[in-house]
Amino acid sequence: MNSVLRFFLNCPVRSKQVTSNKLHGIPGPGSSDHRSGFLLRGRESDVTPCHLSTYFPPKDSKNEMNDVDYKESAFNSILIVDDEPNNIQLLGSILKNEGFTVEFAMDGEEAMDWVCSSSFDLILLDVNMPDMNGYEVCKKIREIDHLKEIPIIFLSALKELEDKIRGFEVGGNDYVTKPFHAEEVKVRIRNHLQLAETRHSLSEAVAEKEHSNLLMNAIIQGIPETLIAVDKDFNLLSVNRIPNPICDKPTDSVETLQKVFKDKDDVCHRVIKDTFESGAPVTNRMVFRADSKKRKRTISLSTIPLAGPSLDFQGTLLIVNDITRLTELEAKLQERQGFRNIIGKSESMQKIYALLEQIADVETSVLIFGESGTGKELIAEALHYGSSRSKGPLIKVNCAALSESLLESELFGHVKGAFTGAIENRIGRFQAADQGTIFLDEIGDISPQMQVKLLRVLEQKEFERIGESKTNRVNVRVVAATNVDLREKIEKKAFREDLYYRLKGMLVELPPLRKRTEDIPLLCQHFFDTFNKSVNKPIEGFLDQTMHRFLTYPWPGNIRELRNAVEHACILCSGTYISLEHIPKEIAEYQNKSTESPFLYASKLKKEVLIQTLEANRWNKAKTAKALGIGRNTLYRYMEKHGID
1 MNSVLRFFLN CPVRSKQVTS NKLHGIPGPG SSDHRSGFLL RGRESDVTPC HLSTYFPPKD
61 SKNEMNDVDY KESAFNSILI VDDEPNNIQL LGSILKNEGF TVEFAMDGEE AMDWVCSSSF
121 DLILLDVNMP DMNGYEVCKK IREIDHLKEI PIIFLSALKE LEDKIRGFEV GGNDYVTKPF
181 HAEEVKVRIR NHLQLAETRH SLSEAVAEKE HSNLLMNAII QGIPETLIAV DKDFNLLSVN
241 RIPNPICDKP TDSVETLQKV FKDKDDVCHR VIKDTFESGA PVTNRMVFRA DSKKRKRTIS
301 LSTIPLAGPS LDFQGTLLIV NDITRLTELE AKLQERQGFR NIIGKSESMQ KIYALLEQIA
361 DVETSVLIFG ESGTGKELIA EALHYGSSRS KGPLIKVNCA ALSESLLESE LFGHVKGAFT
421 GAIENRIGRF QAADQGTIFL DEIGDISPQM QVKLLRVLEQ KEFERIGESK TNRVNVRVVA
481 ATNVDLREKI EKKAFREDLY YRLKGMLVEL PPLRKRTEDI PLLCQHFFDT FNKSVNKPIE
541 GFLDQTMHRF LTYPWPGNIR ELRNAVEHAC ILCSGTYISL EHIPKEIAEY QNKSTESPFL
601 YASKLKKEVL IQTLEANRWN KAKTAKALGI GRNTLYRYME KHGID
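Mapping the sequence shown onto the numbering used here, position 100 (from 1) lands on 100, and the numbers just tick up by one.
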């Protein structure tokens, strides 16, 4: 956030040690413009006063940063800090090919030696390092005056949102999740270096003052963050826009925002008060609030103390940044392990992911077929949230759980007095799902009469509430699911053929777990991470015979049964590893008709199974060999055979 603030309020700050000022736009201590205005107030009093309108370029100033050739650019020096030589080699190769100048350090102490003796335009910093982790290194760097603005991008395999928030709190600008993709790394680096070079260009235009006020207003009004200036009495001085997550409505007035700042119990008041009392800025304080539509939003609040021309404390600049989309996307990426919360990397699941991407934004109805427990509801959610209807509601109905009369009322609604117990008007699920998606689970269990009424909705997009003659029209996408073969029901005259083809605009067939056994280690690890955290036990994983049993058991209850088995094991296990005695009896005592181990020969051990098991055990060779029921030397032979480093 400091990099964003410097873009608008680029005031020089004296520092005792400055090895390079080309990145941070520090014109030096010679400026002495004491006219009215505010200046950024640092932690120390050794600052140079400045007028806010001073640091903006003239009208004809150009910023052609879209296609930067970093071989020609002055902003191309990058320090990579990582204790893994493979990561350094990979990143170094990627960046050097892009024309960057690259140095590297393999621990925190070496990194500090580099930044104190050399000049870098950006730092790629690994989080998990021995002795001094990335958070400590970042914090130390931010304590050095001339390094406070250097962009720091964390390299991390972290899964928890709190850990990423901690990275922002210690001064990080961004993060890349391992395993990283080359294009993502390059784009993030380019963005931060472009912002740094823009800052530098603006600082070079200090002498051009004629058009600064108009340009400043235009820039402030155009930035996505909300900038709010507040004086010492919590009076609002200026604001570029009313922040919706802070006020109740997007159209709320300045007076409403003023009430927020005067409210001593409100988090905005407390953040500003902290700045007043300490005289120091607050950086990226995360706040969770509901907006006018009751949706949960993640807000970042930062402050910068403001001082007048005579260096007396005048107020605070509050920066409000809605980072909901960033946190939601990161959460989804961490949860995905496959595709939109669906766990699995098998060939059959990859085909389903590709199909879902193709049909997500197609308006046709979708029929999901799969055994009980295969994850049909997750498929419906992936279709909805991956489509343009994601802003609308997703309404779920379990058709098998309701009688025919109740189902009709639930789907279409009723009016007061339509039947005994109808004491008020009620809209149905179709009407509630307007502009969104309705998910009809267990569609094969509805009665013939309900099939006729449902067919009309699918064909004409209209219906009547029970007891009402008025026709209602809706714009709804229908996603249905069943665990029975509807074609067999059609042959038995138990299901309408025309309804079947209306529902089956696109068909998604989910394989049972017994046909995607290579996904079992990944699913086990996912459920283990979830439940082991809740029980808070020092369990490290599964014994080899336990994983072997999981891999040979037929799983009639599919993923739901596997999930319950892992939860059962985490609750009962009191040691280091989960053994057969901790899993449900019917699984532990299951005897496979085949006595041959699925891992006996290299030809039997698929590459996908080997990779999934390695990943489930975080690439620990000893644990992987145990899980597969083989020796370490055998594991190395399999890895060599399949070309796995």
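Please note that a few of the clues may not be correct.
As the list claims (entries may be wrong) - List time: in silico PhoX-like cross-link candidates among lysine-lysine, alpha-carbon distance up to 25 Å:
#1 LYS345 - LYS148
#2 LYS533 - LYS585
#3 LYS621 - LYS416
#4 LYS416 - LYS453
#5 LYS623 - LYS533
#6 LYS607 - LYS585
#7 LYS396 - LYS537
#8 LYS273 - LYS232
#9 LYS623 - LYS537
#10 LYS493 - LYS504
#11 LYS416 - LYS345
#12 LYS178 - LYS493
#13 LYS493 - LYS453
#14 LYS489 - LYS504
Note that these hints are calculated values from the structure, not bench results.
Fair warning: this is a prediction, and the values are worked out from it, not measured in the lab.
Do the hints match the structure? See the list:
Proximity of LYS345 to LYS148 is assessed by CA-CA distance (about 42 Å); at most 25 Å being required, the pair is judged violated. The straight-line distance between the Cα atoms of LYS533 and LYS585 is roughly 24 Å, inside the 25 Å bound, and the hint therefore holds. A C-alpha spacing of about 67 Å is found between LYS621 and LYS416, which places the hinted pair above 25 Å, so the restraint is violated. Proximity of LYS416 to LYS453 is assessed by CA-CA distance (about 21 Å); at most 25 Å being required, the pair is judged to hold.
Proposed proximity of LYS623 and LYS533 is supported: the alpha carbons are some 20 Å apart, at most 25 Å. Restraint check: the Cα-Cα separation between LYS607 and LYS585 comes to about 31 Å, which exceeds 25 Å; the hinted pair is violated. With a CA separation close to 36 Å, the supplied pair LYS396 and LYS537 exceeds the 25 Å bound. The straight-line distance between the Cα atoms of LYS273 and LYS232 is roughly 9 Å, inside the 25 Å bound, and the hint therefore holds.
Among the hinted pairs, LYS623 with LYS537 is consistent with the structure: their alpha-carbon atoms are about 19 Å apart, no more than 25 Å. The suggested pairing of LYS493 with LYS504 holds, with an alpha-carbon distance near 18 Å, which does not exceed 25 Å. For the given pair, LYS416 sits about 51 Å from LYS345 by alpha-carbon distance, which is inconsistent with the 25 Å threshold. Taken as a hint, the LYS178 and LYS493 pair is broken in the structure, with Cα atoms around 54 Å apart against an allowance of 25 Å.
Between LYS493 and LYS453, the direct Cα distance comes to roughly 17 Å. Compliance with the 25 Å bound is thereby established for this hinted pair. Note on LYS489 and LYS504: the hinted pairing holds, with a Cα-Cα distance of about 15 Å set against a maximum of 25 Å.
The structure fails to meet hints 1, 3, 6, 7, 11 and 12 from the earlier list, while all remaining hints are met.
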